[in-house]
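Engineer: Chains G and B supply the protein sequences, listed in that same order.
Under this note's numbering, the first residue of the first sequence is numbered 281, with each subsequent residue one higher.
Under this note's numbering, the first residue of the second sequence is numbered 281, with each subsequent residue one higher.
Check each hint, because a few of them may be wrong.
To be verified - Covered by chain B, per the in silico footprint, the following chain G stretches (three or more residues, Cβ under 8 Å):
1. 297 to 306
2. 337 to 349
3. 373 to 385
4. 515 to 522
5. 527 to 535
Said to hold, decoys possible - Which chain G residues stay away from chain B? Per the calculated CB distances, all over 10 Å, these:
6. Ala288
7. Lys400
8. Ala466
9. Ala502
10. Ala538
Derived by calculation from the structure, the hints in this document are not laboratory data.
In this text, a Cβ means the ideal position worked out from N, Cα and C, and glycines have one as well.
There are 2 protein chains.
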Amino acid sequence: MQRYFIAAEQFSDSEIRLIGDDAHHAARVMRTKPGDKFIVSDGESRTALVAVLEASATLVTAEIVEMLGNDSEPKWAITLAQSLPKGDKMELVIQKGTEIGAYAFVPFQSERMVVQYDAKKEAKRIERWSKIAKEAAEQAHRNRVPAIEPLHSWRELIKSMSNYDLVLFCYEREGHLAHGRGVRTAINEWTAQAGEVSSPKVLLIIGSEGGFTDREADEAEAAGAVLVGLGRRILRTETAGIVGLTCLLYESGEMGGA
Amino acid sequence: MQRYFIAAEQFSDSEIRLIGDDAHHAARVMRTKPGDKFIVSDGESRTALVAVLEASATLVTAEIVEMLGNDSEPKWAITLAQSLPKGDKMELVIQKGTEIGAYAFVPFQSERMVVQYDAKKEAKRIERWSKIAKEAAEQAHRNRVPAIEPLHSWRELIKSMSNYDLVLFCYEREGHLAHGRGVRTAINEWTAQAGEVSSPKVLLIIGSEGGFTDREADEAEAAGAVLVGLGRRILRTETAGIVGLTCLLYESGEMGGA
Numbered sequence: 281m282q283r284y285f286i287a288a289e290q291f292s293d294s295e296i297r298l299i300g301d302d303a304h305h306a307a308r309v310m311r312t313k314p315g316d317k318f319i320v321s322d323g324e325s326r327t328a329l330v331a332v333l334e335a336s337a338t339l340v341t342a343e344i345v346e347m348l349g350n351d352s353e354p355k356w357a358i359t360l361a362q363s364l365p366k367g368d369k370m371e372l373v374i375q376k377g378t379e380i381g382a383y384a385f386v387p388f389q390s391e392r393m394v395v396q397y398d399a400k401k402e403a404k405r406i407e408r409w410s411k412i413a414k415e416a417a418e419q420a421h422r423n424r425v426p427a428i429e430p431l432h433s434w435r436e437l438i439k440s441m442s443n444y445d446l447v448l449f450c451y452e453r454e455g456h457l458a459h460g461r462g463v464r465t466a467i468n469e470w471t472a473q474a475g476e477v478s479s480p481k482v483l484l485i486i487g488s489e490g491g492f493t494d495r496e497a498d499e500a501e502a503a504g505a506v507l508v509g510l511g512r513r514i515l516r517t518e519t520a521g522i523v524g525l526t527c528l529l530y531e532s533g534e535m536g537g538a
Numbered sequence: 281m282q283r284y285f286i287a288a289e290q291f292s293d294s295e296i297r298l299i300g301d302d303a304h305h306a307a308r309v310m311r312t313k314p315g316d317k318f319i320v321s322d323g324e325s326r327t328a329l330v331a332v333l334e335a336s337a338t339l340v341t342a343e344i345v346e347m348l349g350n351d352s353e354p355k356w357a358i359t360l361a362q363s364l365p366k367g368d369k370m371e372l373v374i375q376k377g378t379e380i381g382a383y384a385f386v387p388f389q390s391e392r393m394v395v396q397y398d399a400k401k402e403a404k405r406i407e408r409w410s411k412i413a414k415e416a417a418e419q420a421h422r423n424r425v426p427a428i429e430p431l432h433s434w435r436e437l438i439k440s441m442s443n444y445d446l447v448l449f450c451y452e453r454e455g456h457l458a459h460g461r462g463v464r465t466a467i468n469e470w471t472a473q474a475g476e477v478s479s480p481k482v483l484l485i486i487g488s489e490g491g492f493t494d495r496e497a498d499e500a501e502a503a504g505a506v507l508v509g510l511g512r513r514i515l516r517t518e519t520a521g522i523v524g525l526t527c528l529l530y531e532s533g534e535m536g537g538a
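Can you build the whole structure from these sequences, using the hints too?
Structural biologist: Here is the structure:
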């Protein structure tokens, strides 16, 4: 069934309104008519099955048939911090990460980042990334659109680590066959120490094409991150985020891992 | 370190030869010179560290310094069968699937496939997909290039299922919130029944954008497949293969899951 994410103010007690692109999509692309049903969500707490009252290309009103529970959001809130990759790879990370179940995305700057970051373009890029997250969340039938945070400096990223219950830093020291801990070991060690946390906030940090420097790994570790590896094959930067997120959610009992 | 996959006949007891695109890449792009080292693999059993003797844009000869063990291939040989998706999504599945560790790829036809398959283009597409697999295997430091099998009809796919120790069919009956078994449950049930298989051959079957029909699911189940789900969020077809492969390898002890 079609889903739309709408702002909280488009909800009233008994009705909802679609406006802008969503109204156009419902009226013109889906050719929705009175009585047709779809699902709306405010992206946070409210999700409802609604039936169309009136539809035009600028405004669709619908009455709430039933409030729905939140049954598609993971218990673990995993934020994916990705050092800015080349080209449009960040778009792939956000689209796939949203489908898989990321809670939020933090693009950040690191020493060996290959791209030249253009601050003037930041607002536009974040707007575009947010749109990709919204569309992917609708398609994946999620009740929540992951937030795209503004670009963090390395210092800001390190500082933000204290907001999380667990921070995993994907890293393999160059030329070493001995990798960091695996995800499973890292989670088991953390659970043994922290006890049962019902909805843990986890930060998963992924380097860009150039990887991290030893100094960055040392600083992350000093700030409380656990260094982890994702196995014996070398994953491209955009693959590492998708795979790391999948493994973490699988280990938490999602993705068929229960 | 740079890797090249070469044909078995380019190996002799003490030397190897790069020809064609690989020679051009080594001589012109990497500007390799006598004494420089790189790794070659025949994509199956032999992987060697070599040192360049002579390099030109058409022929690079190098002596074998050391034969290397196979330490990057997964124990589980997982073949990803993907119903032909739209556009260039199959390329993404093959690139990411190769990085993650797929053993082979089987594109196949199913009832609700959205694309019109063009048999005349098949040879060219398989050539292109094989090139993508080779490049991804080199980049991921794999010792083996996954095979791309020719397009299978639904009947051929069903018939091929007897070649595998375990067949997982990703499926969610429409409108049902109760999904198939999770990957973990399916693996545990299979292990309990089959005992320890050291290098199991597994077939993971993924539908295209239109999904599978109930009849296809019934036929797959009748032929021995286990129906599995990948969690509560709806994954795009190209995401399902990447996620399913990651979960299976993680469950087998790869990707940091040991």
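Engineer: A separate judgement is required for each hint: does it hold in the structure or not?
Structural biologist: These are the hints, each one checked on the structure:
1. Coverage of the region 297 to 306 of chain G by chain B is violated. Counting CB-CB distances below 8 Å, 0 residues qualify, and the rule asks for three or more.
2. Figure legend: the region 337 to 349 of chain G, annotated as covered by chain B; annotation inconsistent (0 residues with Cβ-Cβ distances under 8 Å, at least 3 required).
3. With 4 residues bearing a CB less than 8 Å from a CB of chain B, the region 373 to 385 of chain G meets the requirement of three and the coverage assertion stands.
4. For the region 515 to 522 of chain G, the assignment as covered by chain B holds, since 4 residues bring a beta-carbon within under 8 Å of that chain's beta-carbons and 3 suffice.
5. For the region 527 to 535 of chain G, the assignment as covered by chain B holds, since 6 residues bring a beta-carbon within under 8 Å of that chain's beta-carbons and 3 suffice.
6. Once the 10 Å rule is applied to beta carbons, Ala288/G is consistent with being away from chain B; the minimum gap is 23 Å.
7. Here Lys400/G stays apart from chain B, with its beta-carbon at least about 31 Å from theirs, past the 10 Å limit.
8. Residue-level check failed: Ala466/G sits 8 Å from the nearest beta carbon of chain B, not beyond 10 Å.
9. Distance check on Ala502/G: its Cβ is at least 22 Å (rounded) from any Cβ of chain B, clearing the 10 Å threshold; non-interface status holds.
10. Look at Ala538/G: its CB is around 5 Å from the nearest CB on chain B, not clear of 10 Å, so calling it non-interface is violated.
Going down the numbered hints, you'll see the structure goes against 1, 2, 8, 10, while the others check out.
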